[in-house]
Structures are given as structure tokens and as C-alpha cells.
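S.K.: Residues per chain are reported as follows:
Number of protein chains: 2
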Amino acid sequence: MLIVEKYGGTSVGDVDRIKNVACRIKAGVDAGHKMVVVVSARSGVTNELIARAKAITPHPDEREMDMLMTVGEQETIALTTMALHALGVPAVSRTGPRAGFTTDANHMRARVQSITGGDIHGQLDAGKVVVVAGFQGLSPEGEVTTMGRGGSDLSAIALAQGLGADLCRINTDVDGVYTADPRIVPDARKLDEIHYEEMLELASSGSKVMQSRAVEFASKFNVPFEVRSSFNDNPGTIVKEQVASMEDILVNGVAVDKNQARIGVNNLPDRPGAAAKVFRQLSDAGVMVDMIVQNLGREGRANITFTVPKDDVFKAEKALEIALAEFEGASAHTIGDIAKVSVVGLGMRSHTGVAATLFDALAEAGVNIEMITTSEIKISIGIRPEQADDAVRTAHDAFGLGED
Amino acid sequence: MLIVEKYGGTSVGDVDRIKNVACRIKAGVDAGHKMVVVVSARSGVTNELIARAKAITPHPDEREMDMLMTVGEQETIALTTMALHALGVPAVSRTGPRAGFTTDANHMRARVQSITGGDIHGQLDAGKVVVVAGFQGLSPEGEVTTMGRGGSDLSAIALAQGLGADLCRINTDVDGVYTADPRIVPDARKLDEIHYEEMLELASSGSKVMQSRAVEFASKFNVPFEVRSSFNDNPGTIVKEQVASMEDILVNGVAVDKNQARIGVNNLPDRPGAAAKVFRQLSDAGVMVDMIVQNLGREGRANITFTVPKDDVFKAEKALEIALAEFEGASAHTIGDIAKVSVVGLGMRSHTGVAATLFDALAEAGVNIEMITTSEIKISIGIRPEQADDAVRTAHDAFGLGED
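Protein sequence lines correspond, in order, to chains A and B. Residues 1 to 404 in this note's numbering are what the first sequence spells out, letter by letter. Residues 1 to 404 in this note's numbering are what the second sequence spells out, letter by letter.
The hints are simulated quantities; they were obtained by calculation from the structure and are not laboratory data. There could be a bad hint or two in this list.
A pair holds if it fits inside one copy or across any two, identical chains being indistinguishable in the list.
[Unchecked claim] In silico DSS-like pairs for lysine-lysine, Cα to Cα no more than 30 Å straight-line:
no.	residue 1	residue 2
1	Lys-190	Lys-220
2	Lys-54	Lys-19
3	Lys-277	Lys-128
4	Lys-54	Lys-128
5	Lys-190	Lys-19
6	Lys-19	Lys-310
7	Lys-190	Lys-54
8	Lys-128	Lys-190
9	Lys-26	Lys-318
10	Lys-258	Lys-240
11	Lys-208	Lys-220
12	Lys-240	Lys-277
13	Lys-26	Lys-54
14	Lys-190	Lys-277
Whenever a hint applies, use it, and build me the whole structure from the sequences.
M.R.: So this is what it looks like as C-alpha cells:
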């Protein structure tokens, strides 16, 4: 079986952890598998490199940032390969460019265009483990590029697709995907399987297992993968297209994002283009707007409330000042922190009553809902932060997600 | 003028020093020159990487060592280029492979085969400074290679040759090449010019300004270069083929190497091949034998005395144990530390009396000479280490090398 595995920065954080990773890879080789391993920079290295660049200039050139950042994974592939040799496992390292990752020329956030794998199949046939630098690629102009934070997940999934791997494993510091954060909900259950779309909705709802881009790629090219722990051999969670008895399960997980703030815009003229102008200005300023609620106010004027990450509040206030200047009487104010709790499940599509069950349960628990947004397979509510953990536990119970 | 400059690990040791290097490069640009800059890894980085590899396995694979080591310079080229940008100087970084350094496939000690310069001329014509990673190249098989310690000097000189540069500058932590170490001889004089061969003999005699390989390359391809300080703008020493009034100067410098130990081999059969066997065994063990003196002993048996670096004594003793096993009665013993003082000068070739002058002066100073070896342009003597500094001063005076 051809297996592509990924180990992140924490898993290769120091020499001893790299040796541990080598032992795990050896187990795969001993079981008769062909192994390709994608690794990240040791945790902390990327931040050190960024700090050094910022000490030189506040706005470093993006091409040179990529030249700088790619040294992190290059160190890890060499050390991991040495650790395999020390265990008597034939192995060879490959940088991203050499592994045939072609990307566009957008430095620091390049998008994958194609993956040939370079000579990886040949190396595998020669009995070697191939250790590949995640996160990096080569632009058509021959410049080294990086794919942005979390890029190694994307590297692994894209490489699994490019090589036609039988299995892709994302090794991380959690055991898999849970029905809720076990630190909040003690009887949260690890899911055996989850659909790509659910995984995406959980990621965008504050469950930090993986970056969305990697899951989107896997979904687009139908690359099933397993999320599991770097530190034990427990089975993890398989993320894939066809999930057993999908229709029977209304809700598969509850996620919470406590990092949001709520901003209100009042007395906006209720005419075409007014709201669009506000949100275009926010978007241009790089503010990530999440939940949006609009009410009609007095005299044909609209009130809009939306949430942004807490870190974006200052940027958002600046952008709104500009956007509202032309609308007389309109004003914006930051209301305060808000928590977003989301229930996610493919089963919602074909069943009604999910919202009713959720709202009833929360009402009974005394949780006041301040905002609501929904997608096809997700219901998100905005509530006061101090009620967030209670709300997660209540929703988890209401849909019977806990251990039997 | 097209200038190729090299800055070593100390010169780019931290963010502030990198900024300083950028200022110096800018001065060259402002003076209208096309600038190509070869940089090393920040001092300390190479040793950190080696320590990490050794913590994983005592004998890391050499190809993977090269993969590991090359990250050091890659970091420096990115940071140096950013520092140039911060000064408003257009610049771009190039790894060794991308700068067209082709080497053989001997990892960790690759030899340069050709230097195309890649697209460097094009970048220069576009008004950019090109910052090149020293020490690294690409084998014909497409593997990244390194050229061994001090390889950045070689990179700079080879690149100056490959690009047809008008000037090559080796910036280092000394002001140039001196007639003797100024810490030993207070009136030592900086040389304006020195011939390649003298520079080579000084390097091999303990003067640590540059690695011999880089000087050999410069000599072979006649690439004149200047050795000067990274930290001031004083003129340094030009190393070249044609040196003014060469014939008039008997001796150009006095070097000392205090890092030698003396080993004696007694009662070796005086027949062809016996000494050869001894030195082949030492060579196979990686021992660097320096001065060798042979005397005929009693009954047709030979006594040989030679020097090795102190660090090699243990290896040498092991090798001699094996080599002498078949020669009955032969024995080896380590005599103790010895210092080597060398006087170097092209003028020796055509003049007699240099040795006599040296020996007379040393005798008068009470320095006892224990070993002597000579080459065409060098006389080296082995003496007791505690007399080394005295001997250097005496020789320096005897040939009138001091400041006027």
C-alpha cells in the first residue's frame, strides 16, 4: 500500500520527537508499505525566522520571505531522513520544488497548480522512504513559493492525489475529530468518519484540527484522509465522501469560536449598494466578516449587525469610518465580544426540526440567542461568551452526541 | 565595474551586522558599480545544525548533511536581500544551485566544475544587486552539495571568474594580510600586495585568513582578489600574480602554528616501502602529517620524526600501532607539543642566505631549532612552543619586515 503521511511542527518539534516520527514511519515500512512523509518546520522555527525578517524591515519582500521560510522544512526533511537511516531504513529527502510541486507565483500564499511527484515513484520502487518538505513549491518562473500557514496539510493531500496514494494520514496533536471539544464536553466522542463538508464547516466554526484549504482540495479531488495522533497508534477519523448511514445522523459535531466581536451599523439608507459599500470597504481592509444580521429600522433605514475576529476590530472601525462618511446619520459602534456556537451535520439537509430542537434546548438552559445564521448543513448562533461552554454542552446533549 | 564581494559568518552574524553589510553594498551601488554578494551562514548556525544532526545519529548521511547545511546560507541571502530593500536598493537572492554552481557529487567536500552564474548578468543589467549563497552547488545528478568549511571564499572567487568580474573582495574580520600576527609582533605591517603562492604558504603555515582551496583556485585561473575588513573601509591586501618589485623582497611574512604535536617512530627497517606503509596508514586514518624528518639510526634502521595537529594524536597512535605490528623492534612514541614557525617569500627562490640569516638570528635569541623543512618559497622550523612568539619576533626583525 502507498501511504502519504504528514507530521506537523509539534510532531517534529525537537530531536527526540523526530526520532519518534522515524520509529512510526519504520513501523509502516516493516508492515510492507511504501511510505512518503511530508513534514513541517520544527514548531517555533517559522516564528523565529519571521521575527528576524521583521527586525530587518517591517515589510519584507514576499519573494524573499519565501526564500527565508522554506529553510524551516528543509532542515526537518534532512534530520528526519537521518533519523530513518539511524534505524536502518533507506530514505531520501526531497524539497517541495524537487517533489514536483508547481504553484502559481503568489508568494506566501501560492496555490497548487500541479504535482508530478518528481522521482518519488522511482525512489519508492528502489525501496526508499521519501521525506518531502511541506508548505513549499516552485512557481512557473522557477521561484520558490510557500502556500501559507497550514500549507503542509495541503502538501500531503495534494501529494497523495498526485501520486495516487492508497491512504493519506494527517498526524497531529489530537486523536481525531470529536463531536465537540473534550475540554468543554467530557463525554465528547471521537468520530470514526466524517464527510468533507462537515469537516469544512467545523473548521470554519472554530474547530482547529486542520486548515480549510487542505480539506477543500481533498473534497474537490476526492482524496480520503485520516486525522490521527502523532503520539499514539489509536485509529483516528477518516474524512471522506461516502460516510456510512449519513442520513440517520442529524448532527455530527458542535464547534465553538470564542474569538469574535460584534459590531453594529445603524441608520444605513435602505437602498441598493449601501450595504455592499460597507462590506466592500471591510473586505478591502482585510477584515474577515463572519455572521451578518440585518433588520429594517425606522423610516426606511437599515440596521446591520455582524461579527469579526477580535483582532480585526480596530481595522474594521477604521474601514467603517471611511465607508459611512457619505451616509448622513449612519453610525457604527462595537457592541462587544460574542461567542459563536455551531452545530454541523449533513443530515440537516433532509430533516426539519434541527433548529427547533436546538433553540428549545438552549431556551431551557437559559441561554439567550443574540444572532442566528444558517448554511445547508450548519446552524450557528451568537451568544454571550460566558454562556458558550454551557451552550456547547446543551447542544451536544440535545442531539445525543455523547458516548453511549 | 562588476564587483563580487564575500561576507563571512561573523560579518553577517546577527541582524545588525546584516544591516551593516547592506550599507556597505549600497555604497558600492551608489558609486555606480554592479554588485554581486556572496554570503555565508550566520556564525554559529552551521555548528548548531551539525549538533542537531549528531544528536540524531553519530554518522549522518553526507547527502542529507548537505541538505541540512545549505539552509544556513539560504537564510542569510534572504535576510541580506531584505536589508538591501530596506535601504531602497533593488536586490534579489540566489541559492548556489540557481547561481549555476555545478560541482562533482562528493557531498560535504564537492569540487567546483563550472560556474555559469545563472541569470546573474541579466539581474545586474536590470539594476539589481544579486545576493548569492556561498558554499553550495548542485551535482550533475541534481543533488545539492557543499564545498567544505571555508567554501564561501571559493564560491566568491569562482563566481568572480565565471562572471568575468573586474574585482573580487573577500571581506573578513581582519584588515588584510600582515607580515606577522599583530598580536605577537606589534610592528607587523599590513601588506599592500602578496602573490598567490605566498598567500598559500602562509595559509598552510597557520595564518588563518583564508582557506587554501580558494587561493589555489584564484591562482589557477588568475583571479586577483582583495582581502579586507568587513568593519571598516581601509584598503586591504591585494592577492595576485604580478607583484611589484617581487625580486627585491626576500621574505614577505612570518607565520606560526602552535597546534602541532611531534611523534617519533624508531627502529623502522630502512628498506623501500617501510616508511611508505607507515604514512599510508596515517593517511588512511585521516591524520594530517606536516613536517617530516628522517635520520638513519643504528644497524641500518631508520628513525622518523613528524608533526601532526594535536587533535590527530590519538588517531595517529592507533594507526601506528597497526602499521608497526609487522616491523619487529619498531616503536612509536608521542614526544610532545611543538610550534612551527615559517618564513615565506617569493624572493627566496633566487637568493641564497635566507636560511643562514634565519638560523643565525634564532641562535642569537637562544631559540633551539628541533626540526627543519623547506619548500621553494618557505622555510619552516619546529621549536618548543614557549619560544614560538620570541621566534616570530626575531624572524620578523631579521628580515626587516616591521613598519619603517
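S.K.: Determine which of the earlier numbered hints do not hold for this structure and return their numbers in increasing order.
M.R.: 3, 6, 7, 8, 9, 12, 14
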